[in-house]
Amino acid sequence: MNGAQDGVGPPLWLLAELTYRCPLQCPYCSNPLDYADQDRELSTEQWLDVLRQGRAMGAAQLGFSGGEPLVRTDLPELIAGARELGYYTNLITSGLGLTEAKVQAFADAGLDHIQVSFQASDPELNNAVAGSRKAFDQKLAMARAVKDAGYPMVLNFVIHRHNIHQMADILALCENLGADYVELATCQYYGWAFANREGLMPSKAQLVEAEATVNRYRSDLLSREHPMKVIFVTPDYYEERPKACMNGWGSLFLTVAPDGTALPCHSARLLPIDFPNVTEQSLEDIWYRSPGFNHYRGDQWMPEPCRSCDEKGKDFGGCRCQAYLLTGNADNADPVCGKSPHHDRILAARTAADHATTGLEELIFRNARNSRVICRS
Amino acid sequence: MSNIPRLRRGFRFQWEPAQQSHVLLYPEGMVRLNGSAGAILAEVNGARSRAEIIESLERQFPEAGSLAGDVDEFLTEATRQHWIEWP
Numbered sequence: 001m002n003g004a005q006d007g008v009g010p011p012l013w014l015l016a017e018l019t020y021r022c023p024l025q026c027p028y029c030s031n032p033l034d035y036a037d038q039d040r041e042l043s044t045e046q047w048l049d050v051l052r053q054g055r056a057m058g059a060a061q062l063g064f065s066g067g068e069p070l071v072r073t074d075l076p077e078l079i080a081g082a083r084e085l086g087y088y089t090n091l092i093t094s095g096l097g098l099t100e101a102k103v104q105a106f107a108d109a110g111l112d113h114i115q116v117s118f119q120a121s122d123p124e125l126n127n128a129v130a131g132s133r134k135a136f137d138q139k140l141a142m143a144r145a146v147k148d149a150g151y152p153m154v155l156n157f158v159i160h161r162h163n164i165h166q167m168a169d170i171l172a173l174c175e176n177l178g179a180d181y182v183e184l185a186t187c188q189y190y191g192w193a194f195a196n197r198e199g200l201m202p203s204k205a206q207l208v209e210a211e212a213t214v215n216r217y218r219s220d221l222l223s224r225e226h227p228m229k230v231i232f233v234t235p236d237y238y239e240e241r242p243k244a245c246m247n248g249w250g251s252l253f254l255t256v257a258p259d260g261t262a263l264p265c266h267s268a269r270l271l272p273i274d275f276p277n278v279t280e281q282s283l284e285d286i287w288y289r290s291p292g293f294n295h296y297r298g299d300q301w302m303p304e305p306c307r308s309c310d311e312k313g314k315d316f317g318g319c320r321c322q323a324y325l326l327t328g329n330a331d332n333a334d335p336v337c338g339k340s341p342h343h344d345r346i347l348a349a350r351t352a353a354d355h356a357t358t359g360l361e362e363l364i365f366r367n368a369r370n371s372r373v374i375c376r377s
Numbered sequence: 001m002s003n004i005p006r007l008r009r010g011f012r013f014q015w016e017p018a019q020q021s022h023v024l025l026y027p028e029g030m031v032r033l034n035g036s037a038g039a040i041l042a043e044v045n046g047a048r049s050r051a052e053i054i055e056s057l058e059r060q061f062p063e064a065g066s067l068a069g070d071v072d073e074f075l076t077e078a079t080r081q082h083w084i085e086w087p
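Top to bottom, those sequences are chains A and B. Sequence positions in the first sequence follow UniProt numbering and run 1 to 377. Sequence positions in the second sequence follow UniProt numbering and run 1 to 87.
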């Protein structure tokens, strides 16, 4: 039986991280810090098998991500396989390595949507953040190619203290390119972004101004009956209650890392938990029965203040990765919560953001050399 | 604006056995539709007019009586959500 078991519903969202390889060096990359030493990747047939199992369990949304998924030469085959199974297929890409011919070939294979990420609204800053001199022009060209090929267009900007002042320019650029959706995703501080947090986190004043700009632009779109939808993910470090991370552990999302490790979210690999691998167990065993996926389901694992909190059914105690990174124990309440005894660590980060002077060039860029240096120390 | 609705580009409507419902899929999102919303969207194919959609549904559900009000209400909401468009 493939349906819900013991109150656990199916994984409706499957994220296939095809590879950690990437031509860019963004200092907020969500890949693990030690990615350079994890170069094993599932084969085409293994990925197709994962997709078949996921679809049979009920997964409907599929993301091809990475790293940069375009470096996998079998991508057209994976897209065609996924589409045939009935997935809604999303390609999440930097746009580097994309060509007009590939955009068309992917459409023919049944790809539903290409999300192109940008680093800023102008070439100088964009290329400095991406660590690539030709990134911006390539991204612009590929955004136009995506639109011309008839895909819905989603543009993604990761927001931090060095580009948060560009909101108006970013939105104008997106409208100009004909975007259907814009995601302004403030850095979430895991992986490389956690290592660079002090140099990335916007100050409260920056955030307030950015929100006002975005809201003005939204009202303007509304008054013009313009369908472009703007999603602004603000940093949870400025909240007093934690986010309902991943809509709950093992509730909707299933990530498969390049080597086949199955995770409840793409950051969970940093937790001291033994996660199962799709090369050793069926996806159904992994989702419903593995200790890794059952670890934080329900609320029996919660210590105080979550255990007796009347909001625990709403936010599930927040994010396990954030609890682990900031308190050393993933069971703890997410310190974003004002009730957490570790909330002072969030307050300290806010104070640091008010006084930060770290320049863009001082950030630790995500590349193989830095990966090995960090993970040796 | 025509009288013939179609799904917006990038939106896909399909039956999901695991959820026992029709869903509307779009970039990184999914709406689970209730029975009547699913029945109405199933008629939106870029060829049928609003009147033909109502007629077809009234034929399928003769016991429901007039469906014009329900259909209009849903199509208005779906238009507002930018799920469908009237080319």
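Careful, some of the hints might be misleading.
As the list claims (entries may be wrong) - Label pairs and their in silico Cβ distance ranges:
no., chain 1, residue 1, chain 2, residue 2, range
1, B, E58, A, Q38, 37 to 43 angstroms
2, A, E100, B, P62, 23 to 29 angstroms
3, A, D108, B, P62, 40 to 46 angstroms
4, A, D259, B, R59, 51 to 57 angstroms
5, A, R224, B, W15, 34 to 40 angstroms
6, B, E63, A, W301, 48 to 54 angstroms
7, B, P62, A, K312, 44 to 50 angstroms
8, A, R376, B, N45, 30 to 36 angstroms
9, A, A107, B, E77, 44 to 50 angstroms
10, A, D259, B, E55, 52 to 58 angstroms
11, B, N45, A, D148, 21 to 27 angstroms
12, A, N247, B, E77, 35 to 41 angstroms
Stated by the list, open to error - Interface residues of chain B toward chain A, partial, derived using beta-carbon atoms under 8 angstroms:
no., residue
13, R12
14, Q14
15, E16
16, Q19
17, V23
18, Y26
19, P27
20, M30
21, E63
22, L67
23, A68
24, G69
25, R80
26, H82
Hint data in this document are derived by calculation from the structure and do not stem from the laboratory. Just so you know, even glycine gets a beta-carbon here, dropped at the ideal spot from N, CA and C.
Consistency of the hints with the structure:
A hinted range of 37 to 43 angstroms for the beta carbons of E58(B) and Q38(A) is inconsistent with their spacing of about 59 angstroms. Here the CB-CB span from E100(A) to P62(B) is close to 52 angstroms, at odds with the stated 23 to 29 angstroms. The beta-carbon spacing between D108(A) and P62(B), approximately 43 angstroms, falls within the hinted interval of 40 to 46 angstroms. In this structure the supplied range 51 to 57 angstroms holds for D259(A) paired with R59(B), their Cβ-Cβ distance being about 55 angstroms.
Between R224(A) and W15(B), the C-beta spacing of about 36 angstroms keeps the proposed range 34 to 40 angstroms intact. Separated by about 50 angstroms at the C-beta atoms, E63(B) and W301(A) satisfy the suggested range of 48 to 54 angstroms. The hinted window of 44 to 50 angstroms between P62(B) and K312(A) holds, with their beta carbons roughly 49 angstroms apart. One distance hint, 30 to 36 angstroms for the beta-carbon pair R376(A) and N45(B), is violated here, with the actual separation near 60 angstroms.
Distance hint check for A107(A) and E77(B): the Cβ-Cβ separation is about 30 angstroms, which falls outside the suggested range of 44 to 50 angstroms. Between D259(A) and E55(B) the CB atoms are about 56 angstroms apart, so this pair conforms to the stated range of 52 to 58 angstroms. The hint said 21 to 27 angstroms for the Cβ distance between N45(B) and D148(A), and at roughly 25 angstroms that hint holds. Roughly 24 angstroms separates the CB atoms of N247(A) and E77(B), a value that falls outside the hinted 35 to 41 angstroms.
Annotation: interface hint on R12(B) holds; nearest CB of chain A at approximately 6 angstroms, less than 8 angstroms. Taking 8 angstroms as the C-beta cut-off, the interface hint given for Q14(B) holds, the closest approach to chain A being about 7 angstroms. For the restraint placing E16(B) at the interface with chain A, the shortest Cβ-Cβ distance is roughly 6 angstroms, inside the 8 angstroms limit, so the hint holds. A hinted interface residue such as Q19(B) counts as satisfied when its beta carbon comes closer than 8 angstroms to some beta carbon of chain A; here the least separation is about 7 angstroms, so the hint holds.
At about 6 angstroms, the closest approach between the beta carbon of V23(B) and any beta carbon in chain A falls short of 8 angstroms, and the interface hint on this residue holds. Hint status for Y26(B): holds, given a least beta-carbon distance of 7 angstroms to chain A, under 8 angstroms. Because the closest C-beta pair between P27(B) and chain A is about 4 angstroms apart, less than 8 angstroms, the hint holds. The beta carbon of M30(B) comes within 6 angstroms of a beta carbon in chain A, closer than 8 angstroms, and the hint placing it at the interface holds.
At about 30 angstroms, the closest approach between the beta carbon of E63(B) and any beta carbon in chain A exceeds 8 angstroms, and the interface hint on this residue is violated. With a least beta-carbon distance of about 27 angstroms to chain A, the hint placing L67(B) at the interface is violated under the 8 angstroms criterion. The restraint placing A68(B) at the interface with chain A is violated, with a minimum CB-CB distance near 25 angstroms, outside the 8 angstroms limit. About 24 angstroms separates the beta-carbon of G69(B) from the nearest beta-carbon of chain A, more than 8 angstroms, and the hint is not met.
A cut of 8 angstroms between beta carbons decides the hint on R80(B): the least distance to chain A is about 10 angstroms, and the hint is violated. With its C-beta approaching chain A no nearer than about 5 angstroms, H82(B) sits inside the 8 angstroms limit, and its interface hint holds.
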